[in-house]
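Peer 1: With the sequences and hints as input, model every part of the structure.
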Amino acid sequence: MKTDSSIASFPKPEIGPEMKGADLVIECLAREGVDVVFAYPGGASMELHQALAKSDKIRTILPRHEQGGGFAAEGYARSSGKVGVCMATSGPGATNLVTAIADAYMDSTPLVAVTGQVYRKFIGKSAFQETDFFGMTLPIVKHSYLVMDVKDIPSIVKEAFKLAQSGRPGPVIIDIPKDIQQAISQPVFPKEIPLHVSQQPKLANDENLKLILDLISKAKQPMLYTGGGIVSAEASEDLKTFVEHIQIPVASTLMGVGSFPESHPLSLKWFGMHGSVSGNWAVHQSDLLIVLGARFDDRITGDVEKFAPNATIIHIDIDASEHNKNKIVHHPIVSDVKHALSRLNELIEVLKFKAPDTAPWLEKVSKWKKEYPFSYEESPHIIPQAAIQTLYQVTKGEAIITTGVGQHQMWAAQFYDFENDRSFISSLGLGSMGYGYPSAVGAKVANPDREVIDIDGDGSFLMNVQELATAKIEKINAKAMILNNQHLGMVAQWEDRFYDSLRGHTLLGDTSNVGSPENVDALYPDFVTIANGFGVKARRVIKKEELREAIEEMIAHDGPYVLDVIVPYTEHVMPMIPAGKTVDEMIIK
Numbered sequence: 162m163k164t165d166s167s168i169a170s171f172p173k174p175e176i177g178p179e180m181k182g183a184d185l186v187i188e189c190l191a192r193e194g195v196d197v198v199f200a201y202p203g204g205a206s207m208e209l210h211q212a213l214a215k216s217d218k219i220r221t222i223l224p225r226h227e228q229g230g231g232f233a234a235e236g237y238a239r240s241s242g243k244v245g246v247c248m249a250t251s252g253p254g255a256t257n258l259v260t261a262i263a264d265a266y267m268d269s270t271p272l273v274a275v276t277g278q279v280y281r282k283f284i285g286k287s288a289f290q291e292t293d294f295f296g297m298t299l300p301i302v303k304h305s306y307l308v309m310d311v312k313d314i315p316s317i318v319k320e321a322f323k324l325a326q327s328g329r330p331g332p333v334i335i336d337i338p339k340d341i342q343q344a345i346s347q348p349v350f351p352k353e354i355p356l357h358v359s360q361q362p363k364l365a366n367d368e369n370l371k372l373i374l375d376l377i378s379k380a381k382q383p384m385l386y387t388g389g390g391i392v393s394a395e396a397s398e399d400l401k402t403f404v405e406h407i408q409i410p411v412a413s414t415l416m417g418v419g420s421f422p423e424s425h426p427l428s429l430k431w432f433g434m435h436g437s438v439s440g441n442w443a444v445h446q447s448d449l450l451i452v453l454g455a456r457f458d459d460r461i462t463g464d465v466e467k468f469a470p471n472a473t474i475i476h477i478d479i480d481a482s483e484h485n486k487n488k489i490v491h492h493p494i495v496s497d498v499k500h501a502l503s504r505l506n507e508l509i510e511v512l513k514f515k516a517p518d519t520a521p522w523l524e525k526v527s528k529w530k531k532e533y534p535f536s537y538e539e540s541p542h543i544i545p546q547a548a549i550q551t552l553y554q555v556t557k558g559e560a561i562i563t564t565g566v567g568q569h570q571m572w573a574a575q576f577y578d579f580e581n582d583r584s585f586i587s588s589l590g591l592g593s594m595g596y597g598y599p600s601a602v603g604a605k606v607a608n609p610d611r612e613v614i615d616i617d618g619d620g621s622f623l624m625n626v627q628e629l630a631t632a633k634i635e636k637i638n639a640k641a642m643i644l645n646n647q648h649l650g651m652v653a654q655w656e657d658r659f660y661d662s663l664r665g666h667t668l669l670g671d672t673s674n675v676g677s678p679e680n681v682d683a684l685y686p687d688f689v690t691i692a693n694g695f696g697v698k699a700r701r702v703i704k705k706e707e708l709r710e711a712i713e714e715m716i717a718h719d720g721p722y723v724l725d726v727i728v729p730y731t732e733h734v735m736p737m738i739p740a741g742k743t744v745d746e747m748i749i750k
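Take any residue in the sequence shown, note its place counting from 1, add 161, and you have its number in this note's numbering.
Just so you know, nobody snuck in bad clues.
Label pairs and their in silico Cβ distance ranges:
id, residue 1, residue 2, range
1, K486, A191, 34 to 40 Å
2, H491, D661, 39 to 45 Å
3, P355, D459, 36 to 42 Å
4, A516, P300, 42 to 48 Å
5, V511, D459, 35 to 41 Å
6, E713, K371, 51 to 57 Å
7, E524, H357, 46 to 52 Å
8, E510, P355, 33 to 39 Å
9, H491, Q211, 56 to 62 Å
10, L299, D687, 38 to 44 Å
11, S287, G592, 29 to 35 Å
12, P355, K218, 24 to 30 Å
13, H406, K486, 26 to 32 Å
14, N471, D661, 32 to 38 Å
Source of the hints: derived by calculation from the structure; they are not laboratory data.
The beta-carbon is built from N, C-alpha and C at its ideal position, and this holds for glycine as well.
Peer 2: Encoded structure:
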């Protein structure tokens, strides 16, 4: 019988002592280096929680809602590069994880979700708290497991972690019936799990990469468009080296924010619907567009048929399914982007590659940067953009910033400059409101020595406000700065721009005057009282002259903190390319 030599070369598995399935799951997690699990118990997962309670290797953090636990696991993963782990019971516990799982899928976040399931004999019989979690999550995971034999647990857990991290990262679920958790088994722990050839990372060959250098040498207006794949591949330093070799401007997606230092002269920050004017114009007018670890999302391209209309497009991505999915490109290259960049840098040295004269192009781009920066008009009130700039100044740009979804999210990316990757953490593909504070909790657990601040909106913050209890009880020093305009701000902005300002249930307060900074008594709800009810220190700031001191107080406080910053609802996020339109239709002011 033939034996796959790669499998045969693996070290022999380890035989462990007999143990219950639930204990085996936790032992397997510990063997994968898991140090924290965000887990909410229930009937079908009690055995797992009993095992966690006995573990001295894994910290269990109890979220106050499974969605909060899922988002916290994402924040942990996005800020650290490790796999985030969340856990829930069957039925509603599992379904409450679905949004976080979908979010992780859209944003390529390595996540393992472990769920309890009803006894095997009840599966498919509408038992109490039964859902087909395996089936319902199939479109939003890299892989799903329903464990039907306790002996499979070690190999399933090891494979789940490998899949979550390999290639394009993403979520994997492991659904475990209660009787499997209770079963006794003598485990066999594999040292390694082979992936099928189709799942191995692809690597660009030198022929592909020399073609790229040849196209660069002939380009007059080359441009780099970078995405979250740079972050996932830990390729930020390789990117910087490449850019400085060839002197090409860089504009990132929001997922790629921080992967190239935004203070760098060649950075155009990020582009797309609310991105920089210079970044959008540079991509639009480029004659060569090199796309690295990005997917031509509609918020980037607008009218995709008219996106970068005059450019020869090279698209390097580890996920072949992204090639020619949204935009037909000239040179699709399937590759790990870190390998591609590091090898390009080697070829530049070996071939003594001479970069093209991009001085006229860089001069034009630099002029756009100076003439059209992110900006706002001064006001007697606290303007949200100014609040973020002040936060940036107080923290010296060194904080990890998480956000909810809405106007505040865009302003955070516009007015807080990011020098390093894994410092801007936001729900970008799925756009999940309620993401900001729980992800800050997870990021702080992963980075206890860094300041972690959720820049949030009043609507988004309220969706998972219960996680203040998690932060308080678990002593997790995650802060929140709420830009409170009493509205669903981004939807209201669209109403102002495209629906004659007709309010379709976007007012969150309870009076017609709510949202006016002078009408303090009408503000609803009272976030300070809510936070205090959780035992969390909080403060409301209304006056412009008190803002900096209030932010300094928040940063200095040793513990979770909520700063409720009252801002006018009349501010709009600019620039803006209306959905489905082109750069030529960009609204700049």
